[in-house]
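Trainee: Let the hints inform the model, and build the full structure from the sequences given.
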Amino acid sequence: MSLEVFLRHRMGVFSLAAEFVTHGKVTALFGPSGSGKSTIVAAIAGLIRPRQGRVALDGRVLTDLPGLFVPAERRRIGVVFQDARLFPRMSVRDNLLFGWRRAESKANAGTIAHVVDLLGLAPLLARRPRGLSGGEKSRVALGRALLASPEMLLLDEPLASLDAARRGEILPYLEKLAREAKLPMLYVSHQVEEVARLADEVVVLENGRVKAQGMAFDLLTDLDAVAGVPPLGAVFEATIQEHRGDGLSLIAFDGGVLTVRRLPHSVGSRLRVRLRAEDIMLALAEPQAISANNVLACTVKAIRTSGDEADIQLLCGATRLVSRITAASRARLGLEPGLAVYAIVKSVTVERGAA
Amino acid sequence: MLTPAETAALMLSLRVSGVAVACALPLAFLTALLLAKKPVGTTVVGGIVHLPLVLPPVAVGYLLLVVFGARAPVGAWLDQTLGIRFVFSWTGAALASALITFPLQVRAIRLALESADPGLIEAARTLGARRLDRLVNVTLPLALPGVVSGAITAFAAALGEFGAIITFVSNIPGETQTLPLAIYAALQAPGGESEAARLCVLSILLALIFLSAGEFASRRIWR
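The listed protein sequences derive, respectively, from chains D and V.
Heads up: the first sequence at position 142 corresponds to 195 in this note's numbering, and the numbers run straight through without jumps.
Heads up: the second sequence at position 153 corresponds to 155 in this note's numbering, and the numbers run straight through without jumps.
These are calculated hints, taken from the structure and not from any lab test.
Source: prediction; values computed, not measured.
A couple of the hints might just be wrong.
Unchecked claim - Below, in silico cross-link-like pairs of lysine to any residue (SDA-like), each with a Cα-Cα straight-line distance of 20 Å or less:
hint: 1; chain 1: V; residue 1: LYS39; chain 2: D; residue 2: ARG102
hint: 2; chain 1: V; residue 1: LYS39; chain 2: D; residue 2: LYS78
hint: 3; chain 1: D; residue 1: LYS354; chain 2: D; residue 2: MET334
hint: 4; chain 1: D; residue 1: LYS235; chain 2: D; residue 2: VAL169
hint: 5; chain 1: D; residue 1: LYS78; chain 2: D; residue 2: GLU404
hint: 6; chain 1: D; residue 1: LYS235; chain 2: D; residue 2: ASP170
hint: 7; chain 1: V; residue 1: LYS40; chain 2: D; residue 2: ILE101
hint: 8; chain 1: D; residue 1: LYS235; chain 2: D; residue 2: VAL74
hint: 9; chain 1: D; residue 1: LYS159; chain 2: V; residue 2: ARG132
hint: 10; chain 1: V; residue 1: LYS40; chain 2: V; residue 2: LEU53
hint: 11; chain 1: V; residue 1: LYS39; chain 2: D; residue 2: PRO124
hint: 12; chain 1: D; residue 1: LYS159; chain 2: D; residue 2: ARG127
Mentor: See below:
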């Protein structure tokens, strides 16, 4: 799939001049609030008519202004809004079927039973949106968009209005969807964590402009690209190398080998690995006799200090890592670009089936 | 309990108000839709629609006579081509009531439309609902409480219409003599005060019943 976006729009003092092309299965539109993410989503969905612009999905031109503008109701682009936007006077079942009943082709919808099952909606079907929790509403909104059989799914910060617990409840569903569905998704977020879990490609926005674009593993650990947000430690692809007898598994990546708790997948399985910047400690000499399983030899590439925190960008083989330490530690260790250090990884998150 | 004349006035009042509200409702909905969308020129339309609310009802009745009177252009045309005659007929009373209470309906529906979440309309669009489909299946249900409470308030107000009816279609027992006109007639007759008082109590009871019905209905619908 390919999504081609070129937009010129003005709303009050805010001006949008963004263009990007993505080929990713899940592309994240990433940036702080007010960077133009929602405007781009609305323009792709056909809910606003930009002053000038072009939107094409797999070569199907949806907007080419001035001139062509396919209205939202004929675009077949599903949108999951931050506030769910369920129809209050319909049951969950009728909400789910709203788009299904109007879809001319149901090729991308999956069966109703499958979607209900995927999102765990069975117990909610007879209820009204009013009585649902925030997380339940999000799931219904997601199911409703899927059943409309869209050719693309836009998720406009679907988790932003939820607390951390609810977010944790929905994320696995989204991951399942990203893995399962052949449906391309554009995922809008300002949370580096969510983006790292879901996206394979990332478009970074700032002040209505595209600031950077690239693969998730590359971009999310680039201190310049994601300036202004807490960085990610690392996200990369790895392969299971060996299951050891002591309850641990070895996974290999472009930069070394990590030891993790025994994984249920077979040797050779591809994995997506995430590290939190806070979980990477640094040492100047190779540490001996410590409890952490993973110590990686790295080189300091760049340093960004903000307040009391210092983000240290490291290169480990071909893989980029970011360690977040205190500015005081950085000064004490005398960290400067070019220095060889050891990264001690306290915790590794592994997910099956990556992009 | 009620004399045949009183029953006739009561039934006529209910019929006149019912027909007036039912006929005006679709038009009021469309007008409210137009006003809620605020295209150019709606200030003028809004002004005209709300005119009956501030004009003396007698003036409205007179204007109706000018337009729909037996020898007036529109009235004569309707009589000759469609056989519809408003003057001295209960249908004329219904027309006068509809016109007077029209702004009440428009106002209630418009408020409901304006408080409906535009985000839901957007959601409906992304789910493939076209314009008419959205109007019927999304906008109308959202505005339903406003529609119902507007209709019931208009009905209760129509029951009390006096000036426009008596000016336009006169005070004919059994044909155009609704409850307020019957009260007036009773007061004009010597010794009719007790009769007027009975009719007055009846009017108060009716008003209370329909106002609380409106309240109840709109609360049920919100739930």
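Trainee: Evaluate each hint against the coordinates.
Mentor: Each hint tested on the structure:
Taking the CA atoms of LYS39/V and ARG102/D, the gap is near 18 Å; set against the 20 Å cutoff, the hint holds. At roughly 39 Å between alpha-carbon atoms, LYS39/V and LYS78/D are farther apart than 20 Å, so this suggested pair is violated. A threshold of 20 Å between alpha carbons decides the hint, and for LYS354/D with MET334/D the separation of about 16 Å falls inside it, so the pair holds. As the CA atoms of LYS235/D and VAL169/D are separated by approximately 18 Å, the hinted pair is consistent with the 20 Å bound.
For the given pair, LYS78/D sits about 17 Å from GLU404/D by alpha-carbon distance, which is consistent with the 20 Å threshold. The suggested pairing of LYS235/D with ASP170/D holds, with an alpha-carbon distance near 17 Å, which does not exceed 20 Å. Note on LYS40/V and ILE101/D: the hinted pairing holds, with a Cα-Cα distance of about 18 Å set against a maximum of 20 Å. In summary, the hint linking LYS235/D to VAL74/D is supported, as the alpha carbons are separated by about 19 Å, within the 20 Å threshold.
The hinted pair formed by LYS159/D and ARG132/V meets the criterion: a straight-line CA distance of about 18 Å does not exceed 20 Å. Using a Cα cut-off of 20 Å, the hinted pair LYS40/V and LEU53/V holds, with the two alpha carbons roughly 18 Å apart. With a C-alpha separation of about 19 Å, the suggested pair LYS39/V and PRO124/D falls inside the 20 Å cut-off, and the hint holds. The suggested pairing of LYS159/D with ARG127/D holds, with an alpha-carbon distance near 14 Å, which does not exceed 20 Å.
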